[in-house]
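S.K.: For the record, the sequence lines run as chains A and B.
In this text, residue positions in the first sequence follow the working numbering: the first is 1, and each later residue adds one.
In this text, residue positions in the second sequence follow the working numbering: the first is 1, and each later residue adds one.
Please note that the accuracy of each hint is not assured.
Only some residues are given here: those of chain A computed to face chain B with a beta carbon under 7 Å [said to hold, decoys possible]:
#1 C31
#2 V53
#3 S62
#4 V73
Keep in mind the hints are simulated off the structure, nothing from the lab.
Note that beta-carbon positions come from the ideal geometry of N, C-alpha and C, so glycine has one too.
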Amino acid sequence: MAIDVFDDSAKERLSALADGELDFSRSTASCAAWAGNAQLRADWHAWHLIGDVLRSEDLASSPRHDRLFYAKVRARLQSEPVVLAPTVAVAKSASRPFDFDRRSRRWTAAGAVAAGVVLVVGTFALVRPADSPPAAQVARVDGSATTSDAAPAAEAAAQPVAIVADNKIIRDAQLERYLEAHKQFAGTSALGVPSAFLRSATVDSAAR
Amino acid sequence: MNAPDADAPLVERVKQGDVKAFEMLVVKYQRRIERLIGRMVRDVDLVPDIAQETFIRAYRALPQFRGESAFYTWLYRIAVNTAKKSLMELKRDPLVTEAARAGRDEDDDNPRVENEPSDAATPDAVLASKQIASAVNFAVEALSEDLRQAITLREIEGLSYEEIAELMNCPIGTVRSRIFRAREAIAARLRPLLDTREGDRW
Chain A
1 MAIDVFDDSA KERLSALADG ELDFSRSTAS CAAWAGNAQL RADWHAWHLI GDVLRSEDLA
61 SSPRHDRLFY AKVRARLQSE PVVLAPTVAV AKSASRPFDF DRRSRRWTAA GAVAAGVVLV
121 VGTFALVRPA DSPPAAQVAR VDGSATTSDA APAAEAAAQP VAIVADNKII RDAQLERYLE
181 AHKQFAGTSA LGVPSAFLRS ATVDSAAR
Chain B
1 MNAPDADAPL VERVKQGDVK AFEMLVVKYQ RRIERLIGRM VRDVDLVPDI AQETFIRAYR
61 ALPQFRGESA FYTWLYRIAV NTAKKSLMEL KRDPLVTEAA RAGRDEDDDN PRVENEPSDA
121 ATPDAVLASK QIASAVNFAV EALSEDLRQA ITLREIEGLS YEEIAELMNC PIGTVRSRIF
181 RAREAIAARL RPLLDTREGD RW
């Protein structure tokens, strides 16, 4: 409030901004001035009130009413997460993702769980009759682990059995600990290779 | 009324994290949104609440606003939806005049409500509104022809600076300056009515 007296050219730019006639780049200074100066805010209100009244007299409203209205909206905006462009949005709006995102994420998780269940059943069907040493190893792990182990297990049933199984065992202790802490994401791994799973699950959990 | 992209710079600023730019849009559209809601909602006490909710929802949804319509058109839809939702929640009866006029799902047997400011609850507010309206009209009459024409073409006809420059046969910079000076002159007449004793909370 006690900042500075703005010269007419600064006010004229704000007036042009009110009409959408100021470049984006030049609007930065005008918006900052508006935010920092009560007189400019009062001008901004007066100009728009004038425009409204010129268009329709019934838009004249009491300044006291307007001021109370803004105070309430401003207070509510302060408790809102800041709206940002996508690149920065993850960090800033993480605490409150939009419903759309949340819903799609939920469906992804549900789908992953369903796929995991199918894969486990399929794995037992495929692996049991074979009964080769690596497959048995895999089956044993399956028995003790969650559905998340289904994907490597299913791959294990195919040609490079030993390699996948080895990978899995090497990674398993770590994965187990991780999944213990993030049980709700357990199914996600069924859809991708283990390394991809690790990365995406980290993002998911951070976003929640 | 406005050129479709008149709010584009401010909207863009909001998308980049400038909350104050959104406040500027609130100040710009609050009266129109309240009038719109006032035509749908019988209870005048509810109007400001629903209007506030409208702006908060718009703020949250702004990342999804792609600029395919004017910002105000988009905001208008949010206001209508917010009002309908509030009415359903509160199980009150709507006067769906706006929706009827827009030819939506409502039948149009509701007579249009007389235009009244939604804060018509108190006589003081009504008086203040009337004083402001007459002060604005008086101040516009007192403007020089150039200034009056410029502000009228802008605010009532909704023309761009370029169009006004063409009509008035002068450079765009002159249009910008005339509109600004017209606003300042009218605002100077309004100031005694706008300044209140409660201190400046703008």
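S.K.: State for each hint whether it applies.
M.R.: Going through the hints against the structure:
About 5 Å separates the beta-carbon of A/C31 from the nearest beta-carbon of chain B, less than 7 Å, and the hint is met. Given the 7 Å rule on beta carbons, the hint for A/V53 holds: about 4 Å separates it from the nearest Cβ of chain B. A distance limit of 7 Å between C-beta atoms decides the matter here; for A/S62 the minimum to chain B is near 4 Å, and the interface restraint holds. Because the beta carbon of A/V73 sits about 5 Å from the nearest beta carbon in chain B, less than 7 Å, this interface hint is met.
When the structure is compared with the earlier hints, no violation turns up for any of them.
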